[in-house]
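Visitor: What follows is the residue order along each chain.
Protein chains: 2
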Amino acid sequence: MLTLHSNMVFDSPSSDATAVEVQLADRSYTIFIQSDAQAKFASAAKQALGDVSHVMVITDEAVDKKWATGLADELQKIGVRVDKYAVPSGEPSKSVSQFETLLQWMLASGADRRSVVVAVGGGVIGDLAGFAAASFTRGIRFVQVPTSLLAMVDSSVGGKTGINLPTAKNMVGAFWQPSLVWIDTQVLSTLPERDFISGLGEVIKYGVIDDADFFEWLEANWQALINRENEAVCFAIARSCQSKANVVGEDERETSGRRAILNYGHTFAHAIEATAGYGTLMHGEAVAIGMQMAARLAIELELCGQQLLDRQTALLQNCGLPIVFDDANADAMLPVMKRDKKVAHGKLRFILPTKIGSVDLVGDVDESAVVDAIRKTI
Amino acid sequence: MLTLHSNMVFDSPSSDATAVEVQLADRSYTIFIQSDAQAKFASAAKQALGDVSHVMVITDEAVDKKWATGLADELQKIGVRVDKYAVPSGEPSKSVSQFETLLQWMLASGADRRSVVVAVGGGVIGDLAGFAAASFTRGIRFVQVPTSLLAMVDSSVGGKTGINLPTAKNMVGAFWQPSLVWIDTQVLSTLPERDFISGLGEVIKYGVIDDADFFEWLEANWQALINRENEAVCFAIARSCQSKANVVGEDERETSGRRAILNYGHTFAHAIEATAGYGTLMHGEAVAIGMQMAARLAIELELCGQQLLDRQTALLQNCGLPIVFDDANADAMLPVMKRDKKVAHGKLRFILPTKIGSVDLVGDVDESAVVDAIRKTI
Ligand SMILES: NC(=O)c1ccc[n+]([C@@H]2O[C@H](COP(=O)([O-])OP(=O)(O)OC[C@H]3O[C@@H](n4cnc5c(N)ncnc54)[C@H](O)[C@@H]3O)[C@@H](O)[C@H]2O)c1
Ligand SMILES: NC(=O)c1ccc[n+]([C@@H]2O[C@H](COP(=O)([O-])OP(=O)(O)OC[C@H]3O[C@@H](n4cnc5c(N)ncnc54)[C@H](O)[C@@H]3O)[C@@H](O)[C@H]2O)c1
Ligand SMILES: [Zn+2]
Ligand SMILES: [Zn+2]
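Quick note, the sequences are listed as chains A and B, same order.
Residue numbering for the first sequence is 17 to 394, as defined by our numbering.
Residue numbering for the second sequence is 17 to 394, as defined by our numbering.
The following block holds chain A by itself, in its conformation from the complex (with noise of 0.2 Å):
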C-alpha cells in the first residue's frame, strides 16, 4: 500500500489530521482530512477564521441530528453565538425559493458582514448554503463540513455553489472559496451504501484524469475502501482533494480550460441522468457508466488502448459501481450532449484519457463516433 505524501501533511490541529492546501492567493485554504474529530472543530475553525462571534450552520433534516447538532454544540462552547437551519434533504432544496427562504432567515437570525456560514451536509448543502453566503450582503465568509464521499471529494472543495433552475442544473450561482473544509470521515458511519459506492465514481476519476500511482493503489485497496477502513478512506479523500486542489489553484474560474478535466465521463453522465430520468441512477453511478463511454470513444479516437479501458472496468466493477447502461439511448443522449454548459457552440467536446493518470480535452469529436461508444457501453 503507497503511502501519504509527506507533502500532504502540513501544519494541522491535530496530529493524525491530513491537509490538503488549496493555493489560490487571498482565497487560499486548507482542508482537513481525519476522523472522530469533532471536538476539534470549534478551535480549528477559530483559527482558519480569526475573528467568529456569529455562526449560522445550515444543514439538512437527514444529517441534522445525527451531525449538524454536535458541532453546533462545539463552536457555543467556544462562546460563539450559533443558530442552526435545516431544509429538507434532497435535490429539491436547491431551487430558488429555498434559497430565499434561507437568506430572510440569516437576516433574521441577526447575521451582519462578519457572521459565518458553515454548511454540514452533502452536496446540495453545500451548494445551496455556499451560494447564500456568497450572497448574503454580497459575500460572508463559510466553512464547508461535507459529510457525503461525494461532498468530501468534490463538491466542498473548489468554490463552486448554486442552485437549479426548473429546467436545469445548477444554473444559478457563483465561485466562492470556503475558508475552510473540514472532513471527518467518522460521519461516514451513517452513510447509505449506495451513496458511498457513488462516491466511489469520483474518487476513481481522479486515479484516470490525474494520478497513476493514486489508480494503482485502489487497484490494490479497492477492498478495504468498501469495507470502510478508516486509514484507507482517509487515504483516498485526501488523495482525491489533492487532485481537485490542483486542478482548482492552476484555473479557478474554469476559463483556461484545465478545470475541465474533472469532467472526464461527464459529458456522458449528464445526458444518462437527463434521458434516464433524474434519481434513476445516482450521480456517480452516471459518471461510472460515463467513464466507460469517454474510455471507449478514446479507443476509438486512437489515443489509447484497450488496457485503459479493462483496469478502469475492473476497478469500477470490484467497487460496485455500474459499467454498463442497458438503457442507455444515443438518440436520446446525443441533443443533450449538444446542449451541454461545457459544450462550445455546440460541437462535441471531450475529456478523453491517454493513459491512466492522463487526459486531453478533445474538440470536434465526430458524432458517428459517440454514439459507438455509447453502444459499446450497453
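No wet-lab data here; the hints were simulated from the structure.
One should not assume that every hint holds.
Here chain A is said to cover these stretches of chain B; the calculated rule only asks that three of the stretch's residues, wherever they fall, bring their Cβ under 8 Å from a Cβ of chain A [as the list claims (entries may be wrong)]:
#, stretch
1, 114 to 120
2, 151 to 164
3, 183 to 196
All C-beta atoms in this analysis are idealised placements derived from N, C-alpha and C, irrespective of residue type, glycine included.
Mind docking chain B with the ligands on chain A? Use the hints.
Guide: Chain B with the ligands only, in chain A's frame:
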C-alpha cells in the same frame, strides 16, 4: 468654468466622448460619457467585449420603448443575436422572484457562458440585471447603460449588484464588474425633473468627499446643470464617475474602509428613508438632508467649520434639493442607524467632512451629538 482635466480624455470611440477608466487589474473597464451616441453603441460594445454573438438587453417598461429598443436595433445591425426583456418599472422589481423569472427567461432565450447582458435603465435595472449576470452559470459578462442620473453617477459604476429582501434593501447580491459603462446623456431628456434633481444630490456628494475643484465648479455652474445644458451635464457626470472610479479602484470590495467615504450622508439618509416610509423622499433628496446632518455633526465634533456647511447648504438649495426635513425624528432614526450594515458592532460611525474635498471615518460617536445634528436639520 473649469475645463476637463486632460487626463480624463482617453482613447474613445468618438472624438467628443469622455472616457474614465476604472482600474481593477483584469476587471478594468471604461466608462464612456457623451451625448447622442446611440449609433456608436454597437461598435463600442464589440470593441470592449471582443467576441459577442448573443446579447440579452434587460430594461424596464418605461425605458424600453424610449431607449432600449433603439440600442437593441443597433446591436442587431452588426449581426448580433439580440433578445430583450422588460421588467415592470420601480423598486419592487428588485425581488428574488423577479430575479428567478429573469434567469428563466435568460435560459429560455438560449443564453450560454458567452452571452452578454446589457442593462438599460436606472439603478433598479443595473442592480437586478447585474446580479442576474453575476449568477447565470456563475457569471457572464455585462454592460451598463444607465439612463437615470443616479445610475450614471453612482449605481452603474463600481460593481455592486443586488436585490432586496422584503425587509432589507440590497441584502442579496454580488460584486460583479461590468465590461463597459455606456453613458449617453441624451436619454436624460425624458427623465422626470425630480429624478434629475435627486441625482444631483450624489453629484454634490463627490465634491464634498473627494474633489474641492469640482465643488467650486458646481458653485459656479449649478444653473447650467439644472438647465441640463449638455456640456455641463457631461462634465458633472464625468467628474463624479472619476471620483467613484478612484475610490473603487482602491477598495473594490469594501474591505479597507476606503470605499466607505461614498457613504457620506448615507447613514442619516437610510434612517430618514426608513422612518419617513420608503417613497416619501427620493434617495438623492434623503442624501442631501443626510449630508446636512453629517456636516452639522462634523461641526459639533470640531472637525470642520461653519463655512463648509454654509457652502453645502447654498449649493444644495440652488440645485433645488431639500436642506431640512420637517418630519425628521431622532428617536425613530437612532435605532435604524444602529442597525445599519455600515455600523460596526452597534457603534455609531460616520463619514464626516473635514474640509470641502476631504472626509474622515469617525467611530464611536456620541449619541447626543447625533441627536443634536438631526434636530438642527428640521
Ligand atoms: N459544487 C460542486 O463543485 C459540485 C460537484 C459535484 C456535485 N455537486 C452537487 O452535489 C449534489 C449531490 O451531492 P450529494 O450526493 O452529497 O447529495 P445530498 O447532499 O443530497 O446528499 C445525499 C443524501 O445523503 C444524505 N446524507 C449526507 N450525508 C449523510 C451522512 N453522513 N449520513 C447520512 N445521510 C447523509 C443527505 O441527507 C441526502 O439525503 C448535487 O446537487 C450536485 O449538483 C456540486
Ligand atoms: N449598485 C449601486 O452601487 C447603487 C448605488 C446607488 C443606488 N443603487 C440602487 O439604485 C436604485 C435607484 O436608482 P434609480 O433612481 O435610477 O431608480 P430606477 O431604476 O427605479 O429609475 C427611476 C425611475 O426613472 C425611470 N427612468 C430611468 N431612466 C429614465 C429615462 N431616461 N427616461 C425616463 N424615465 C427613466 C425608471 O423607469 C424609474 O421609474 C435603488 O434600487 C438603489 O438601491 C445602487
Ligand atoms: Zn461529478
Ligand atoms: Zn446613494
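Visitor: If a hint holds in the structure, say so; if it doesn't, say that too.
Guide: Do the hints match the structure? See the list:
1. 114 to 120: Satisfied; 4 residues make the cut.
2. 151 to 164: With 5 residues in contact (Cβ-Cβ under 8 Å with chain A), the coverage given for the stretch 151 to 164 of chain B holds.
3. 183 to 196: Answer holds; 7 residues pass the 8 Å Cβ test.
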